[in-house]
Amino acid sequence: MITKTVENISRALEGIKSGMTLMLGGFGLCGIPENLIKVLANSTYSEFTCISANVGVDDYGLGLLFKEKKVKTMISSYVGENSEFERQMLSNEIEVILTPMGTLAEKCRAAQMGIPAFYTPAGFGTEIAEGKEIRTFQSKKYILEEAYQADFALIKAWKGDHAGNLIFRGTAKNFNSIMTGAAKTTVVEVEKLVPVGMLDPNEIHTPGIFVDRIFQGESFEKRIENLTNSSPQ
Amino acid sequence: MITKTVENISRALEGIKSGMTLMLGGFGLCGIPENLIKVLANSTYSEFTCISANVGVDDYGLGLLFKEKKVKTMISSYVGENSEFERQMLSNEIEVILTPMGTLAEKCRAAQMGIPAFYTPAGFGTEIAEGKEIRTFQSKKYILEEAYQADFALIKAWKGDHAGNLIFRGTAKNFNSIMTGAAKTTVVEVEKLVPVGMLDPNEIHTPGIFVDRIFQGESFEKRIENLTNSSPQ
Amino acid sequence: MSLNKNGIAKRIAQELQNGFYVNLGIGIPTLVANYVTPELEVEFQSENGVLGMGPFPLAGEEDADLINAGKQTITTLPGASFFDSATSFGMIRGKHVDLTVLGAMEVDQTGAIANWKIPGKLVKGMGGAMDLVASADNIIVAMMHTDRHGNSKLKTKCSLPLTGVDCVKRIVTNLAVIDIIEDGFLLKERAPNVEIHQIVKATEGVLIIPENVKEMELN
Amino acid sequence: MSLNKNGIAKRIAQELQNGFYVNLGIGIPTLVANYVTPELEVEFQSENGVLGMGPFPLAGEEDADLINAGKQTITTLPGASFFDSATSFGMIRGKHVDLTVLGAMEVDQTGAIANWKIPGKLVKGMGGAMDLVASADNIIVAMMHTDRHGNSKLKTKCSLPLTGVDCVKRIVTNLAVIDIIEDGFLLKERAPNVEIHQIVKATEGVLIIPENVKEMELN
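Top to bottom, those sequences are chains A, B, C and D.
One point on numbering: in my numbering, the residue at position 218 of the first sequence is 218, and numbering is uninterrupted.
One point on numbering: in my numbering, the residue at position 211 of the second sequence is 211, and numbering is uninterrupted.
One point on numbering: in my numbering, the residue at position 167 of the third sequence is 167, and numbering is uninterrupted.
One point on numbering: in my numbering, the residue at position 128 of the fourth sequence is 128, and numbering is uninterrupted.
Treat the hints as calculated values from the structure; they're not laboratory data.
Even glycine gets a Cβ: it sits at the ideal position worked out from N, Cα and C.
Check before you lean on any hint, since a few could be wrong.
To be verified - Pulled a few chain D residues facing chain A out of the computed Cβ check, cut under 10 Å:
# : residue
1 : Asn6
2 : Gln14
3 : Asn18
4 : Tyr35
5 : Val97
6 : Gly120
To be verified - Below, simulated SDA-like cross-link-like pairs (lysine to any residue); rule was C-alpha separation at most 25 Å, straight line:
#  : chain 1 : residue 1 : chain 2 : residue 2
7  : D       : Lys157    : D       : Asp179
8  : A       : Lys222    : C       : Gly54
9  : B       : Lys141    : D       : Ile181
10 : A       : Lys141    : C       : Lys157
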């Protein structure tokens with residue numbers, strides 16, 4: 001067995017440098033690598049290009065990176081709900097590349113799986129298609145999209161073992177499982193780090209081969225962005 | 001909830017016609033839809049184009065389809081271990097299209113996921129690349145491959161519920177999970193059909209949306225092709 | 001009298017058929033779930049990775065790991081499943097989702113839709129909308145017939161940056177049900193007590209009016 | 001004296017490094033697993049969908065749902081995982097597998113390999129070989145230096161239909177360890193008691209012979 005455990009979060013982030021491209025798992029505040037984000041926000045590094053579905057909120061999640069002005073370019077699908085991000089975007093302090101969410105997901109998965117490029121219908125006929133190759137298959141038009149190239153993938157999983165095998169929980173799987181192994185180095189924080197042999201090989205969502213470093217996250221706030229309840233009948 | 005259960009195997013195969021293209025899950029004899037294959041071998045239909053990793057053995061698995069001369073074109077990756085298949089191939093009774101296994105897998109997954117085409121390095125510089133577009137990404141050369149178009153996918157899963165949610169077991173997952181939903185109609189035979197609610201939504205390998213029809217397989221022989229044992233120390 | 005948002009949702013709920021997997025966008029589309037009859041076998045997909053969404057959780061029962069694409073806390077029904085975002089959009093792209101309901105700023109008579117960007121205004125992004133409209137065979141737009149200034153949102157040609165082309169098949173507004181056919185907007189139904197001339201006035205593109213336009217039946 | 005198949009496997013086992021995920025092809029490569037020291041942290045991948053393969057099962061403990069790419073019954077070690085074939089080849093294509101060991105009919109001095117087809121003879125297919133050689137950065141070919149007729153399998157140019165081009169970096173045969181560099185085959189090690197002239201005679205392509213060629217250490 002190959003051990004992926006690192007003793008602490010500093011070791012987990014070893015090698016990160018200013019100007020690198022980072023993938024960050026999560027959708028909204030759900031399934032974000034919150035411990036890694038906190039350390040990065042307080043680090044001396046900056047000028048990151050970040051790939052993530054969203055941009056967090058002002059004081060939590062990816063928002064911490066914008067608050068500390070760590071991001072030069074943001075590649076994302078939906079960038080609402082964060083006023084500091086908006087300010088930086090409107091004042092051109094930050095470059096924003098908007099990408100259809102399914103395309104963003106597939107570009108991560110392509111990077112993970114060694115597929116350099118693929119065709120997708122999303123965005124045909126829109127400004128997203130500008131400058132991209134258009135091709136017809138079965139009389140429908142598609143756009144050529146390339147896999148992302150990233151330095152670090154920062155991932156959050158529910159359970160993980162020392163071999164790097166991961167299990168996600170609920171909708172927190174989102175971009176986490178498809179960014180794992182999609183960057184040169186993949187770092188995973190888990191809620192529950194368990195000994196090897198505790199996870200059923202049949203139930204593993206992401207095999208350890210896609211993981212470079214894994215560690216037990218110190219604390220998980222798991223904040224809810226948009227609490228919505230039903231009223232009891 | 002949407003119910004996918006059909007009462008019997010005849011209903012499961014309703015609409016199948018001679019000349020159709022079928023995907024068949026399994027690798028070797030592992031995870032093959034053995035009940036569906038048996039019914040198909042004894043049916044009046046023939047002239048099928050079959051997409052499957054291998055071709056079974058003479059008297060079991062896909063081999064039954066060759067024995068009954070049901071197959072016109074075989075799209076596969078490795079066609080050894082079946083002498084009747086060899087005979088039909090050598091006498092040109094059957095057309096054989098050989099495809100690198102990873103390309104075969106990704107062409108199934110692409111069909112499932114609505115990706116019409118993708119680039120892969122497999123086969124560059126070989127006869128597999130003849131007539132195909134070659135393109136360079138990051139100074140490496142790749143071949144353009146298109147998604148399969150199939151009429152029926154015949155799948156075997158370990159557990160399934162009435163909503164069509166599937167769980168596979170061990171290496172029997174192979175092509176089964178990526179062919180599910182990759183054809184116009186997906187039919188699944190399961191070892192254990194369980195009531196809805198019995199499967200943990202977190203542990204489902206293939207969501208029911210990819211499945212059209214599901215049924216409890218009558219009997220599973222699960223023959224072993226190449227029994228290999230260690231000798232006790 | 002024209003419909004309110006719930007009325008639009010109620011009418012769209014009639015479009016759901018047995019066996020449909022349905023993706024509901026944010027806004028009016030979300031309300032559609034409230035009007036689905038319990039006998040109907042349908043499942044709701046949310047593109048962040050869940051199939052088989054149920055009602056919102058009771059207070060105290062929410063789970064940070066269970067949200068929908070609007071980041072709202074949700075519950076799941078028996079038969080639900082979770083999956084990653086590539087698989088989720090694979091379901092959409094691969095036409096496994098049967099019906100997509102989404103809002104729009106503009107729809108035009110060629111079936112183009114604009115719903116993500118107003119030049120000069122803050123752009124928040126397209127989210128999954130471009131994937132949804134490029135992929136689904138069956139797209140219903142739920143929106144008010146005119147904007148707050150009274151301008152028609154059913155255009156000859158969209159003026160805003162597009163989300164997708166040649167995709168919208170049906171529009172349900174506060175005034176009417178309209179299909180998009182080769183020649184333009186085809187008036188199918190009018191809202192209760194709405195006169196045809198009101199719909200004509202509120203529609204910028206070519207409106208084809210058949211001899212009999214029935215009134216929507218809403219319960 | 002030249003090596004037998006087990007000797008070749010033993011020498012290749014030395015190439016495995018801590019942390020390596022390894023894919024072993026059918027034939028000599030499979031034997032490599034027998035010579036891996038237990039201290040070494042390595043995991044074996046089989047392209048049909050398993051990581052963390054262990055030894056073959058004891059009689060009576062075999063499971064039809066647990067096989068390797070050679071269709072042999074297998075066991076798994078703690079830390080193992082199962083996955084579909086697209087993911088499995090994704091691991092390979094995405095360069096997550098660190099070392100691929102496979103057999104060959106011919107290898108040439110440009111790094112091309114032929115191992116799947118002999119024109120006029122029965123063709124069984126390439127299986128996963130084309131994906132493996134097109135993707136891996138680190139490919140070791142395990143084979144006999146010459147065929148049964150005594151013809152060299154280390155060619156100037158492959159004569160058989162290719163499996164891949166520009167991919168083989170190292171060859172371990174019954175006679176030698178040879179690297180492929182820009183100018184041709186570079187002799188790195190000779191098998192115990194094998195003379196250089198024997199290797200020269202058995203090699204068709206350009207063979208570069210450094211001043212000191214050490215003998216393989218095998219114990």
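(request) Please write out, lowest number first, the hints stated earlier that are contradicted by the structure. (result) 1, 2, 4, 6
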